[in-house]
Every structure is written in C-alpha cells, then in structure tokens.
Amino acid sequence: MKIIALLATLLLAGCIPPAEFEQKLTGQQLAFDRKKGNCLACHRIADGQSPGNIGPPLSNLQQRFNNKEDLASFIEDPTTVNPATSMPPFGRNNILTRQEIKSIANFLWTLPATQTIIP
Amino acid sequence: MTAPIASAPLDDLYTLQQHFFTQFPTLSRQDFSNGVYALDPDARQSWLAIEQFPPYEIAIDLGKQLFTHPFSNGQHYGDCFPDYQQGMSQHYPYWDLKTQTVITLSQAINRCRQQNQAPPLPPTSQSLINLTAYLTFLSRDKPITITVPPEPGARAAYQHGKKYYHQRRGQLNFSCASCHVQNAGKRLRTETLSPLLGQTSNWPTYRLKWGRVGTLHQRFIGCHQQIRAQAAAPQSEIFRNLEYYMSYISNGLPVNGPSIRK
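Heads up: the sequence lines are chains L and W, in that order.
Following my numbering, the numbering of the first sequence begins with -8 at its first residue and continues without gaps.
Following my numbering, the numbering of the second sequence begins with 18 at its first residue and continues without gaps.
These are computed hints drawn from the structure, not numbers from a lab.
Glycine is no exception: its CB is placed at the ideal position from the N, C-alpha and C atoms.
Don't take every hint at face value.
As the list claims (entries may be wrong) - With a cut-off of at most 20 Å between alpha-carbon atoms, the simulated EDC-like pairs for lysine to aspartate or glutamate come out as follows: (1) L:K27 - W:E208; (2) W:K81 - W:D96; (3) L:K26 - W:E208.
To be verified - Covered by chain W, according to a simulated footprint, are these stretches of chain L (three or more residues, beta-carbon under 8 Å): (4) 33 to 47; (5) 79 to 92.
Please build the complete structure, drawing on both the sequences and the hints.
Rendered as structure tokens:
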C-alpha cells in the first residue's frame, strides 16, 4: 500500500511544476522560516518567537499599504520605494518565488491592526 | 549613515567615531573594543564567565613557544621585530611603501620566516594564528595606531577597503555597513549587531561557534556566507584593504585580543 501511495505521489508530483510542488508552506510558515522569508530576523510579528528589531513590527499593514498587491511589490524590491532600506529585495534577487511572496503578503495582510506584542 | 565615498581618511574617522559616540553615549572609547559585550548585558555576563578560564590562553602559550624558537639559521622572530615586547600589533595593518601593498600582522610574520629561509605558513594555519595571538596579547591595552600616509597607493588601498565595506552585495543585498553602521546595536533575531567601531581590536579571537581561535578574515568569510555573497580568500588584497579601513576607523581604541566571541 505504502509503495502504491508513494508511486501515486511521484506520478502526481511529475504533473506539477517543481516550484508549485514545493509550495506546501503556508504564508505564516514562509514568513517565519529562516531559509525562506525569515521576516522575524528583523520584524516583530504576532505569534513569532525571538524577533529582531531592525525593521518596524509587522502589524497594521492595511493602513500602511493601499492593497495586498502593493505590499507584495514592496517585498519584491523595497529599494524601489526606499533606496536606503536594508531590507533584501526578495523578488528581484530570487530569495523567494513570486508565489511565495504572494502567500506572505496574504498572511501579513490578515494580521490585526492592533496587537499586543511581547518584546 | 554612509560615509561619503571620496572623503579624506581623517574626516571618515571623525564622522564615524562621532556617529557611534552619539548613538551610544554611555559607552567609553575603550568599551567599543568589547563589541556586542559593551551593548548587551546578558551576552556580557556569559562572556565574563568564560573569561575566568580563557579558552584562548593555550594559543598565546603556543604562539610564544613558536616565537621564541630559533629558525634553522639560529635567528629568531625577535630579530625581525626588535620592539615586539612593547607591542606591535596595534600598528598593523600598515601601508608598505616598498611593496605598495597593505601588510597585515600575519604577512609580516611570514615575511620574517622567508627572510630566515623558513616556508611561509598558510593564512589560516593554527601556528600562524597562535603567533598572532601571542603578539596581539603583548599589545593589549595599546591604542590602535593605523596611519594612511598621503601617498596615492595608500589612499587607494584605504578607499578600496572603505568602498567594499559600504557596498551592497550578495543575494540578501547587504553591505557590511547595512548591519554594522546603519543598524549597529539593533537585534537580528536575538543577536545584537556590533558597531564598526571596535570590530578589529579583538582578533585573533576564540569563537564559540568555531571552538578555536581564528582570524578576522575567517570572520569576514562567515559574514559573506550569512548574506549569501561570494567571499575572497584570507589575506587576499581586498580583505587586507578591508582590514586596513576598519582598523583605521578604530584608531585610538585599545587592542584587547585575543578575546572571545560567540
């Protein structure tokens, strides 16, 4: 049974482009994962452990960006908005795929406008 | 804060030192030699605890043994460096007029070896690191004294190192300054970012991560890996020029190597 299940998975995997097949992580997981977005390296995010304090806390983003698409574009390359920012250009330098950035933007967009942040 | 690219070394030194003195008004000049341990009280506590039985002591002892051991021609390292007991590492790296290049302490040791028909030691060999550990220990508390002579080659080497420090690179698009000037004192996750001022005073250093005493240039390579950038080799021209710039900016701070870093 196990072998059949494995074969089925492999067959299915063959139908899906690799980038999308890897796309199992949720927006929150992508944002928190050290090898992916690693947003917590610099930003406080609700429910995130041991955040850095280099960038602003990621809350209230609906008031800071016009829409989710603008937020995603910012993550793609924040230097177009602020050339002096130290935030990496996640899209331009292929740190994340466009789809991953979209998932992260969707996740960040859902975070409440106000939140109690434990420092 | 980015130092203007073509400004004179002394202007850079003044601007950057004032920048950090203003940002961290409670820190004395000497405090900056302790890097993160001057800024983070918790990290400072664990550092002081490890200093009770310093893991770098063996490197100093072995370095002393090597240093005092004669070459096959009967000469000693001390014959190359007659004033070494007064401390010499605070004057390194320096611009060598004759060879038109920046000479680091490691290179000076290897030059001495070659003058005495001994083969040069590889840049990251433990013997060479131990020799620098001993010489740096003899320079403890001596103020870093680096000069950039008004000579085109020296100025170019300094500007080369400075440009490298302030230029973005790697997949993450950080410059050295992004973290250690612009965001010095802030936290990357739980790690406090050390300021540029004082970054060269404690080398060679025992890193807990390495479990041994290593070099500043090895640390450069670690930084490059973190920002996903291609690193040059230890003792390469760019790393020597980078060390030259960084050491110059730390002029006046006491040498406190060998030390311990996480």
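Consistency of the hints with the structure:
1. Annotation: proposed proximity of K27 (chain L) to E208 (chain W) holds, straight-line Cα distance about 19 Å (limit 20 Å).
2. With a CA separation close to 15 Å, the supplied pair K81 (chain W) and D96 (chain W) stays within the 20 Å bound.
3. With a C-alpha separation of about 17 Å, the suggested pair K26 (chain L) and E208 (chain W) falls inside the 20 Å cut-off, and the hint holds.
4. Under the rule that three or more residues need a Cβ within less than 8 Å of chain W, the assignment of the region 33 to 47 of chain L holds, with 6 such residues.
5. For the region 79 to 92 of chain L, the stated coverage by chain W is satisfied: 5 residues place a CB nearer than 8 Å to a CB of that chain, which reaches the threshold of 3.
The structure fails none of the hints (numbered hints given earlier).
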